[in-house]
Amino acid sequence: MNPRFDRFNPLTLVVAALLLTAAAYLGPAPAAPAAALALALVGAWWGGVGARGSALAAGVALPTFALLALTNGVLAAAHPDASFGALHYDTAGVRDALAVALRLGAAITALGAVVAGVAPRRLTRALAARGLPGWAAYLIVASLEAAPEAKARAQEVLDAQRCRGLATGGGLGRLRALAPLAGPLVASLVAETDERALALDARAFRAGRRRTALTPVRDPAIERAARFAMYAAIAALFVWRFAA
Amino acid sequence: MVCYRHVRPAASRFLTLPTLALALIPRAVALNLALGAVVNALKLPVYLDSVGTILAAALAGPLAGMVTGALSNLVLGLLANPALLAFTPVAMIIGLIAGIAARLGAFRRVGTAAAAGLVIGVAAALSSVPIVILLYGGLTPTGAGIVTMVLRSVFPLSMEQAAKIASLSTDIIDKPLSAMLVAAILARLPARITARFRSAP
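If you're matching them up, the sequences are chains A and B in order.
With my numbering as the guide, the letters of the first sequence map in order to residues 127 to 370.
With my numbering as the guide, the letters of the second sequence map in order to residues -3 to 197.
For reference, chain A alone in the conformation it holds in the complex (with noise of 0.2 Å):
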């Protein structure tokens, strides 16, 4: 899926992201945020997703400091610097906001690289390779296939009731078309779980065996020592955050 990330294990990738995460909400801000979402950056561009990573991050950022910045540094301002009329202005109040922002960003950049650079089912493969129970496995893997083939028949359903004539206009028609819409939708995908379980239980899936993988996922010493270490820097700042 990604030649730069599938070098890599993905459990590394996680702990890397989980890292970046630590750092921006745990070390001195504006610093440590605005140096983990540069990494994070870096990272995200160097791996191709770099595109994906950014739009995610600026557009929970970027509202996320307009609305901080106009609410603490403006319209409720808690020690105003300077008045205009009615308005006020606060720096430390955009100071926060930009904190707010650039952690969030730093945090949505780095885990939104890993969840764009790595395929789902690595990451699970990977994830049952360290202990993961076939059953949580499954789930993941299951409700990530779903979702899109839900979304697609929800449209369906919504296409056909049009066509049948529902209205879907106005305000009490509107909430009216709710019941015609999710009752099918509802039916089909609770009618589908008696046939899952059936192959489930005829594949023998809960007879609690270790399954091999067909394409085990690399996982060398080099990169479960840097785990090692990257777990215990986000313990160290931990400590330092709160011990200080």
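It is worth saying that the hints were derived from the structure and are not from the lab.
One or more hints might be untrue.
Stated by the list, open to error - Some chain B residues judged to face chain A by a derived CB distance under 7 Å, without partners named:
| id | residue |
| --- | --- |
| 1 | Thr15 |
| 2 | Ala26 |
| 3 | Leu29 |
| 4 | Ala33 |
| 5 | Ala37 |
| 6 | Pro78 |
| 7 | Ile89 |
| 8 | Leu135 |
| 9 | Gly141 |
| 10 | Ile181 |
Note that beta-carbon positions come from the ideal geometry of N, C-alpha and C, so glycine has one too.
Here the structure of chain A is known, so what remains is to put chain B in place on it, guided by the hints.
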């Protein structure tokens, strides 16, 4: 002659889910996402993104509800916005309370389901506020965030108080509506299906 070897169940049975619940959970997660798409298409001012979680909890119990909630946030975090991963505990609380309410028979009638939805809504709102404060500084870039901003600007409220009121104002409408929808769905589901869940080990 064909001989079948006896398949032994997994050694640990602590907090395990029956196969029927395992088959239901991915569909309930998908329902959370699909109903979100329906609500978007109808431009309704609610989320209804917990209907699948409440349904799984009502059919298969609190543990199934908690797992469905956690997985819904994981899938949304992986497919849409990683920041949603932080709200996983809130989704699990919704599943837990819905499961307990179902055990008490709250989803047998629409009225009691609405009351259960109200409890779920208050719990969800109160549990999401610390995450909103920690992660977003109190304001999410959503409708609730704008309500918080207006409350902070008009009334002398702290960010936490404003965020709590904004969160409560959305969740006490959304969650009772979701719970009522689940009660209506359960009343219309074929008895063959609901009976299978009741008899599941």
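Okay, the hints, checked on the actual structure:
The closest approach between the C-beta of B/Thr15 and any C-beta of chain A is roughly 5 Å, which is under the 7 Å cut-off, so the hint is satisfied. Hint status for B/Ala26: holds, given a least beta-carbon distance of 3 Å to chain A, under 7 Å. The beta carbon of B/Leu29 is positioned within 7 Å of a beta carbon in chain A (closest approach about 5 Å), and the interface hint is therefore held. Residue-level restraint check for B/Ala33 holds (minimum Cβ-Cβ distance to chain A is 5 Å; threshold 7 Å).
Satisfaction of the interface hint for B/Ala37 is found here, the shortest Cβ-Cβ separation to chain A being roughly 6 Å, below the 7 Å cut-off. Look at B/Pro78: its Cβ gets to within about 4 Å of chain A, closer than 7 Å, so that hint holds up. Because the smallest distance between the Cβ of B/Ile89 and any Cβ of chain A comes to about 19 Å, over 7 Å, the interface hint for this residue is violated. Interface restraint check: B/Leu135 against chain A, minimum CB-CB distance 5 Å, threshold 7 Å, status holds.
For B/Gly141, the suggested interface contact is upheld, since its CB lies about 6 Å from the closest CB of chain A, less than 7 Å. Against a cut-off of 7 Å between C-beta atoms, the interface hint on B/Ile181 holds, since the closest Cβ of chain A lies about 5 Å away.
In summary, the structure is inconsistent with hint 7 from the numbered list given earlier, while agreeing with all the others.
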